[in-house]
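Protein chains in written order, with numbering that gives the first Met the number 0: chain A, 0 to 347; chain B, 0 to 182.
What the hints contain is simulated information worked out from the structure, not anything from laboratory work.
Every value quoted in this text rests on a predicted model; they were computed, and no experiment measured them.
Heads up, a few of these hints could be off.
Here are the computed lysine-lysine pairs in the DSS-like style, where the Cα-Cα straight-line distance is at most 27 Å [as the list claims (entries may be wrong)]:
# : chain 1 : residue 1 : chain 2 : residue 2
1 : B       : Lys43     : A       : Lys128
2 : B       : Lys111    : B       : Lys43
3 : B       : Lys43     : A       : Lys147
4 : B       : Lys57     : B       : Lys43
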Amino acid sequence: MTDAAGFIDEQRHNRRASLVILAGVFVLLFVVANLIAGLLGGYSKQICEPAASPTSLNPTTCRTEFQLNVAVIAIVISMIVAYLLLAWLASGKAALSMAHARPADGPEFADLRNVVEQMAIAAGIPMPKVYVVDDPAPNAFATGRNPKHAAITVTTGLLAKMSNRELRGVIAHETAHIVNRDIAVTTLAVLSVGLIALIAEIGIRIGFFSGGGRRNDAAGALLLIGLLLYIIALPAGLLLRAALSRKRESLADATAVQLTREPAGIRSALEKLEADTTVIAHPTSAIAHLWIESPMEREQESGLHGSFGRMMDTHPPLAQRIRILRSIEGLDPDGRGPNDPSPEWPVQ
Amino acid sequence: MVIAIVVIVLLVLLAIILIGGYNSIVRLRNQVDNGWSQIDVQIKRRADLIPNLVESVKGYAAHESGTFEAVVAARNASLSAASPAAAAAAEGPIEAALGRLFAIAEAYPDLKADANFRQLQSELTATEDRISYARQFYNDSVTRYHNRIDTFPGVFIAKFGDFTHRELFEADEVDRAVPKVEF
Numbered sequence: 000m001t002d003a004a005g006f007i008d009e010q011r012h013n014r015r016a017s018l019v020i021l022a023g024v025f026v027l028l029f030v031v032a033n034l035i036a037g038l039l040g041g042y043s044k045q046i047c048e049p050a051a052s053p054t055s056l057n058p059t060t061c062r063t064e065f066q067l068n069v070a071v072i073a074i075v076i077s078m079i080v081a082y083l084l085l086a087w088l089a090s091g092k093a094a095l096s097m098a099h100a101r102p103a104d105g106p107e108f109a110d111l112r113n114v115v116e117q118m119a120i121a122a123g124i125p126m127p128k129v130y131v132v133d134d135p136a137p138n139a140f141a142t143g144r145n146p147k148h149a150a151i152t153v154t155t156g157l158l159a160k161m162s163n164r165e166l167r168g169v170i171a172h173e174t175a176h177i178v179n180r181d182i183a184v185t186t187l188a189v190l191s192v193g194l195i196a197l198i199a200e201i202g203i204r205i206g207f208f209s210g211g212g213r214r215n216d217a218a219g220a221l222l223l224i225g226l227l228l229y230i231i232a233l234p235a236g237l238l239l240r241a242a243l244s245r246k247r248e249s250l251a252d253a254t255a256v257q258l259t260r261e262p263a264g265i266r267s268a269l270e271k272l273e274a275d276t277t278v279i280a281h282p283t284s285a286i287a288h289l290w291i292e293s294p295m296e297r298e299q300e301s302g303l304h305g306s307f308g309r310m311m312d313t314h315p316p317l318a319q320r321i322r323i324l325r326s327i328e329g330l331d332p333d334g335r336g337p338n339d340p341s342p343e344w345p346v347q
Numbered sequence: 000m001v002i003a004i005v006v007i008v009l010l011v012l013l014a015i016i017l018i019g020g021y022n023s024i025v026r027l028r029n030q031v032d033n034g035w036s037q038i039d040v041q042i043k044r045r046a047d048l049i050p051n052l053v054e055s056v057k058g059y060a061a062h063e064s065g066t067f068e069a070v071v072a073a074r075n076a077s078l079s080a081a082s083p084a085a086a087a088a089a090e091g092p093i094e095a096a097l098g099r100l101f102a103i104a105e106a107y108p109d110l111k112a113d114a115n116f117r118q119l120q121s122e123l124t125a126t127e128d129r130i131s132y133a134r135q136f137y138n139d140s141v142t143r144y145h146n147r148i149d150t151f152p153g154v155f156i157a158k159f160g161d162f163t164h165r166e167l168f169e170a171d172e173v174d175r176a177v178p179k180v181e182f
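Isolated chain A (complex conformation) (with noise of 0.2 Å):
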């Protein structure tokens, strides 16, 4: 072990810096469902008193007061809640099936489960359930919201490709993720994003709708809500969650070297990564954030990327990692190798 203090310290850091981000996320939503109280009238009422002389144009006049309304504001609140809890429940299950995974039983797979029985015994949590997409660019996420449930997903291209060594690194960032509570953490933030894109979406669908209505004014404010949601508050969410992800990328680098008491084996897996171009197959941008190299990146490295188009990735870039986890090594940040040279695994 060259610097054990090292990585604790970017551990640390992470750690920190990922739970300012997922607060702010949830300021934002704390901002949005307060909008939307507010709106639906949770803080003020109206009050009509009949005019106080009777030759007077209008027979009542109406004011606005401030004025708690408790059961509107535990209405939204308890929805907004209801929503992310359900979500959450859901989300392992909807990840795996939308990555096209099936479960890892047959006899091909035994080293596999037996890298993954280990890193989990390294770790002290359950053994994951198993999982493979058949897919040729080398790729692996977990899901779960927490150690019982969790699962580790590879693609047959990763098998293929990836030593023995490497595969425990792969499988050691994966299941850093499991022990960190990276799942949780993320998914909140992804269903958080979700949800203000949601009710920017209805509040422009109502207001655009209903404008020629009597309650003009009412469908106005919802038009101009959901319009200010969409340009300011998603982009917000989008940026934090990509910041929250990219942390979350950084800390299971750094605990997979604790779990795997090398920093060899995820560094030369994250080089083959790099110098790999297959993409794969089913990319779906909603679970972009899980894999351990973002299956959506590629075309943005040709195209602009600008420093807006990096503070949208989910993925710190790879050089990146490599760069931290080479100078953990000792070796030169900016050079490649050694790699083991050979695929332990038979090739399918």
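Given the structure of chain A, go ahead and fit chain B onto it with the hints provided.
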């Protein structure tokens, strides 16, 4: 009145911090105990494989009874080790005895090709890996536990219960005890 409320709030906060700290130390200590029993599980798994392995080698090299006895004796010793130091001490003889067993197998090509033997051998290798990862987790848990009871505020909270330091697995103790087997 206001002072009383402030004092009560502060006392409640202090109580919450103390209870939370105490519980987290208990959790870490339980994790150490769990880590230890996970090593036991893997040691038993290996012990269950060894008689079958000995039987399969016996079928080809019955005259090597001294080695078989050494393997079985080392296996039984490893099962009765109750502390990390004892387990590390028991590890040397069993590694050495298994090394001799596999050295015998090297001399019998038929045995080396035997499907059952190969299956047992690979299971044994996998189990040895599991043992070393279980030890690693145990050491990680002990370190986390020690860090908590040696630093503030854990160092005070630890005085309220039976939170003693635990023994770590010393890696070089294992290494020193393993004689190199030349093939």
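Evaluation of the provided hints:
{"no.": "1", "hint": "B/Lys43 x A/Lys128", "verdict": "holds, 24 Å"}
{"no.": "2", "hint": "B/Lys111 x B/Lys43", "verdict": "holds, 25 Å"}
{"no.": "3", "hint": "B/Lys43 x A/Lys147", "verdict": "holds, 24 Å"}
{"no.": "4", "hint": "B/Lys57 x B/Lys43", "verdict": "holds, 22 Å"}
Going through the hint list in order, the structure satisfies each hint without exception.
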